[in-house]
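*Asks:* Below, each chain spelled out in residue letters.
There are 4 protein chains.
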Amino acid sequence: MIIVLQSGSTDEQIAEVEGKVRELGYVPHTIRGEVRTVVAAVGDEVTHSSLEPLSHLPMVDRVLPVQKKYKLISRETQPETAVVRVGGVEFGSGQFQVIAGPCSVEGEEMLIDTARAVRDAGATILRGGAFKPRTSPYSFQGLGQQGLAYLDKAKEVTGLPVVTELVSVADIDAVCRTADMIQIGARNALNYALLEAAADTGKPILLKRGMSATVEEWLLAAEYIAKRGNGNVILCERGIRTYETATRNTLDLGAVCVAKRESRLPVIVDPSHGAGRWDLIEPLSRAAAAIGADGIIVEVHPNPAVALSDGDQQIEFDTFARLMKELRPFVEAAGMELAGAGNVAAAT
Amino acid sequence: MIIVLQSGSTDEQIAEVEGKVRELGYVPHTIRGEVRTVVAAVGDEVTHSSLEPLSHLPMVDRVLPVQKKYKLISRETQPETAVVRVGGVEFGSGQFQVIAGPCSVEGEEMLIDTARAVRDAGATILRGGAFKPRTSPYSFQGLGQQGLAYLDKAKEVTGLPVVTELVSVADIDAVCRTADMIQIGARNALNYALLEAAADTGKPILLKRGMSATVEEWLLAAEYIAKRGNGNVILCERGIRTYETATRNTLDLGAVCVAKRESRLPVIVDPSHGAGRWDLIEPLSRAAAAIGADGIIVEVHPNPAVALSDGDQQIEFDTFARLMKELRPFVEAAGMELAGAGNVAAAT
Amino acid sequence: MIIVLQSGSTDEQIAEVEGKVRELGYVPHTIRGEVRTVVAAVGDEVTHSSLEPLSHLPMVDRVLPVQKKYKLISRETQPETAVVRVGGVEFGSGQFQVIAGPCSVEGEEMLIDTARAVRDAGATILRGGAFKPRTSPYSFQGLGQQGLAYLDKAKEVTGLPVVTELVSVADIDAVCRTADMIQIGARNALNYALLEAAADTGKPILLKRGMSATVEEWLLAAEYIAKRGNGNVILCERGIRTYETATRNTLDLGAVCVAKRESRLPVIVDPSHGAGRWDLIEPLSRAAAAIGADGIIVEVHPNPAVALSDGDQQIEFDTFARLMKELRPFVEAAGMELAGAGNVAAAT
Amino acid sequence: MIIVLQSGSTDEQIAEVEGKVRELGYVPHTIRGEVRTVVAAVGDEVTHSSLEPLSHLPMVDRVLPVQKKYKLISRETQPETAVVRVGGVEFGSGQFQVIAGPCSVEGEEMLIDTARAVRDAGATILRGGAFKPRTSPYSFQGLGQQGLAYLDKAKEVTGLPVVTELVSVADIDAVCRTADMIQIGARNALNYALLEAAADTGKPILLKRGMSATVEEWLLAAEYIAKRGNGNVILCERGIRTYETATRNTLDLGAVCVAKRESRLPVIVDPSHGAGRWDLIEPLSRAAAAIGADGIIVEVHPNPAVALSDGDQQIEFDTFARLMKELRPFVEAAGMELAGAGNVAAAT
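Chains as they are written, first to last, in the working numbering: chain X, 1 to 348; chain S, 1 to 348; chain R, 1 to 348; chain Y, 1 to 348.
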């Protein structure tokens, strides 16, 4: 860490800071600048206490950390991208994967219809929420166990692996019986107890970025999972909260680039939540391909205008099929391969 | 809800919207304006499905909800402020309560010293984290059960009721044995499974606002608790995430005023997290009193410069004692009474 | 506008609101809902006073505007995209234009070298700042008139039209002599006096979105220009200010899509400011093409590591040439044509 | 500045960075840490080029500035608070000043009535906009020169000094004839050309914080003025733009504290824009007094429900008079004196 002193600090004051730095296990190196004196504290910031509390000392102006706090997921530690397998589907090895399905599982028929439609259009994983975290306690909260049973059925019928959200440790066994990948949603993205419990199942984890999480917090959430011995994490950018109201969230594609540079995890994009508007899903999906994301997750519903949750950000089967067709040249221009071609061929 | 149509919508299109509105259980009233036609949909928005998915219809421009989604905690439903009792301490009946203690329980001696110091200066409730949600998995995570045992001891020695954070349903029994009030932290503020589990204990809940929660989301989180039959909720503003970096968070006192107008719950302010800078705790505490908050929660540590967590936002005993003295005229000018005077008298 | 009343409003109160609505020139239509009564006020919101001050009446809960405030630039008014010509270069007619050049004009040689390099790689317009608005008064403020003279020279040598920023009405004649398009920067994006002065020159205007401007404010800034009779406006998304610090700004591609749907103006993207990191310029440029933007504006410098301004977000000649090559398939997949091919052919 | 190198940087790479640092006029001091090597560059960051472009070098991870960029207004340079005089009214010498008046000057009578009412309640300066920067070009833009004439009249009648906004250099002479203090509004807060022109008039400047300006940017805007030799700057916090929509802006009182610690300028608070809701003006004004601000600026209108601009954030005469009465104990508890007592006495 770098401790920036107030201008005019005396030798005694500098010595006091050096003493505190040593006390906390670091080795101080003092550099007297023209305007400011700084004390560089040498030592591993991850394993030592933070020096930020030294801002209590009257001669300390600021304390600047210099080290990154994530290690296991860092590209610095291990440069090659991690490959995460979900059923037979690979993320991180050059294939662009499309996860699709309804926001909520609303019934057996609508789910199976959707699963078939998205598979036939080229999706490789089925999404669908059985447990729904909703802002209002009066909104539809998902079908729960029954929803999981429908997902089992849809998996059986279509052969697609399934990702579904875990919102409570209480549901973990039930969710694990059905899910090929566990989703941690934005509201629970900093719920470390849930992250650790999910990690311990050994299942791949789809980790959404928190509503207002920095890239660093997002990567450290992934580090929590990796630290439990589960490196099968896929990061998912889903828009952040900003002042703009024309879109529900602001999709932060720059953060996807940064996450891919900093970490070795695959990163996918959620254009449905990313804008919260069905009419922006197609262009934002193309943009996700263009920046080199490893895939997208899209909400698809047989009749969005009457969906029980988030109807305004789900698209219809036709729109999804068109999206998939449009996507291919962007995926290929980005040097990747659009997975799911086999599905499409089989369906045609 | 109000459905705003695209300009130039035809009679057939208007009829189609009216049909969908009826289908979803509302009664449509159409008003043809000079520039826009709007369809007002009459019906209880809380119990009916949202009409927002109607934005899928090509002639629909926007859908505007008009109703508030919280009921049980609403001041509209019940105008008088709820009184929440924690041990013998009352929030909402005109007393300004000061909750104080260390960020984390770091040991028995430091905790008891702090508890005594804050009680003698006028604090009425002791705070202290045993389970700490930390951004990095490598940071100090709290003493856990041992921390709770120290809190029991401090309660016994000082007579102060205790508030401590619950981060996982797994710890709920242990936390309940010690806590007179359960804190739900900012990271778990939208973790509805945890909110419901905490609600079911019947304990008073100190509900922090999420890092980027709107006032509406914050109040709806409280509604989740109230809907389980537990109306003993105290709201706590702790700063929101904004672009400003001179302070760790931006304390949103306007939101405190809005929360007090909209809901009938007591609202307190956390100036420690609110700015994330120990040197702003005093002025922001005075501001909290000035706007009519029901109290504050302040982090106090015997030696913040070496604290194991958040040392840069904790204050020393002396500073806390000075803060308490300064606070009184502001509390009284706001027409409230500074609780804890008995403690101070006994200590002197 | 829609006026939402407090629940429990009496008939007298409703009549009072209706009276005020009439007084302000609107026709009231009252709809008594199950939970709320709303008064729909029929009348042109753009030409009448806002009803928002009615929130002063005790029985009024909220006032919701329903109408959009922009007209001249609205796609609703005129559905086809405006074509804006800058020199011989067209925006809005299906060609993807690349504007490139240094952040600041630092000297004649560096400018001409850069102009040649970007033209030969396919750029069609030269950018370069002569008057630089800098956060610190001690930073390099641009070469001013001398900078304009160098731009004239570069235009003569390369044949590229020039866009340069106007920061003060005092410089308007000088800037107009050189500029084929006037840039209004993010800091002046809501400086309406400058917008109007720029509009009155009749030159095409490159209008950057303000640092924290909503899409609505951005479009209304364009409406200010159009209202002076100058419809030659190109909108430019350049990243917005959010809490995220991994990038200097957060590029908001969703807003580009919304701006294109709402307005009929061409919209381009500035990936240099959009992230503030040179290493993200390539992927974000590809994303801009993928969503259907009409072009990009990129900062290019012969030696960014010693640039006098914003060196960390400028790219070198080689990187720019690579970017241009990579861009083509994305532009074409988006159904557009990459302009500047003639330049490249001539250069090879 | 501190240059943080990539881990694993070689001796040659370190030497290259040291070379560049020297080339740019700084003296490098290299510290090899356990995890990271950092190069501290000694030299005045204000007068030298930024080293941030060194992020282009492949072995450079990040560059951290350590120095503050403001000097003339810094409390570090000169510890005592600047006293700024406007007419006979002093800011910065322990008196709490209340500036009040309508958002816009709408006519002679309404202005004089308001001026009398606010003076008699204890306001010491009259505010009123003659030139109004409005988001929509179709909104009321102020009475211009006629508005200034009314302000002259109101000044003559009430003896109150006047502050009014300058939005364009073209109006500067006219505004200066009337204004005792020039207001720079939030939209022009980073319009440096306007700041410099205003500075050169020698008049005191009321400098609002930009909508999304950091404290640093706000102080540097003041530094622009001071650098022209005009140190008579009063800073004004008026709320920042955040994701929260319950209030129009988020009043950032923590920033007021930081601005007062960092700079020696008086700082006042605008509770009208700070929340954009008339019903929060009273509590937020009390909070402003409680944190030690040097005053407030409040919008007051004879009949806000029909105001031509911002009626929803203006208060009536009675409310203003009550606010002034309520304010006194808070101002006094903060160790300041409520100015304007003479006005009140004379009026009674």
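Misleading hints may appear alongside valid ones.
One copy or any two copies: either way a pair holds, since identical chains are not told apart in the list.
What the hints assert, rightly or not - With a cut-off of at most 35 Å between alpha-carbon atoms, the simulated DSBU-like pairs for lysine-lysine come out as follows:
1. LYS153 <-> LYS227
2. LYS325 <-> LYS203
3. LYS155 <-> LYS68
4. LYS203 <-> LYS227
5. LYS68 <-> LYS203
6. LYS68 <-> LYS260
7. LYS153 <-> LYS71
8. LYS227 <-> LYS71
9. LYS260 <-> LYS227
Keep in mind that the hints were calculated from the coordinates and are not lab data.
*Asks:* Between LYS153 and LYS227, at a C-alpha cutoff of 35 Å, which is it: within one copy, between copies, both, or neither?
*Replies:* both (34 Å within a copy, 33 Å between copies)
*Asks:* Should LYS153 paired with LYS71 be assigned to within, between, both, or neither, using CA atoms and 35 Å as the limit?
*Replies:* This pair counts as neither: shortest intra-copy Cα distance 40 Å, inter-copy 38 Å.
*Asks:* Which holds for LYS68 with LYS260 at a C-alpha limit of 35 Å: within a copy, between copies, both or neither?
*Replies:* Both ways: LYS68 and LYS260 sit 15 Å apart in one copy and 33 Å across, limit 35 Å.
*Asks:* When no copy is specified for LYS260 and LYS227, does a C-alpha distance of 35 Å or less occur within a copy, between copies, both, or neither?
*Replies:* within (19 Å within a copy, 42 Å between copies)
*Asks:* Check LYS227 against LYS71 for me: Cα-Cα at most 35 Å, and say if that holds within a copy, between copies, both or neither.
*Replies:* within (9 Å within a copy, 42 Å between copies)
*Asks:* At most 35 Å between alpha carbons: which applies to LYS68 and LYS203, within, between, both or neither?
*Replies:* within (27 Å within a copy, 40 Å between copies)
*Asks:* When Cα atoms must be at most 35 Å apart, do LYS203 and LYS227 count as within-copy, between-copy, both, or neither?
*Replies:* both (14 Å within a copy, 34 Å between copies)
*Asks:* Cα distance capped at 35 Å. Does LYS155 pair with LYS68 within a copy, between copies, both, or neither?
*Replies:* Neither, since 40 Å and 39 Å both go past 35 Å.
*Asks:* How would you classify LYS325 and LYS203 at a CA-CA limit of 35 Å: within, between, both, or neither?
*Replies:* within (31 Å within a copy, 41 Å between copies)
Of the hints listed earlier, those the structure fails to meet are numbers 3 and 7, in rising order.
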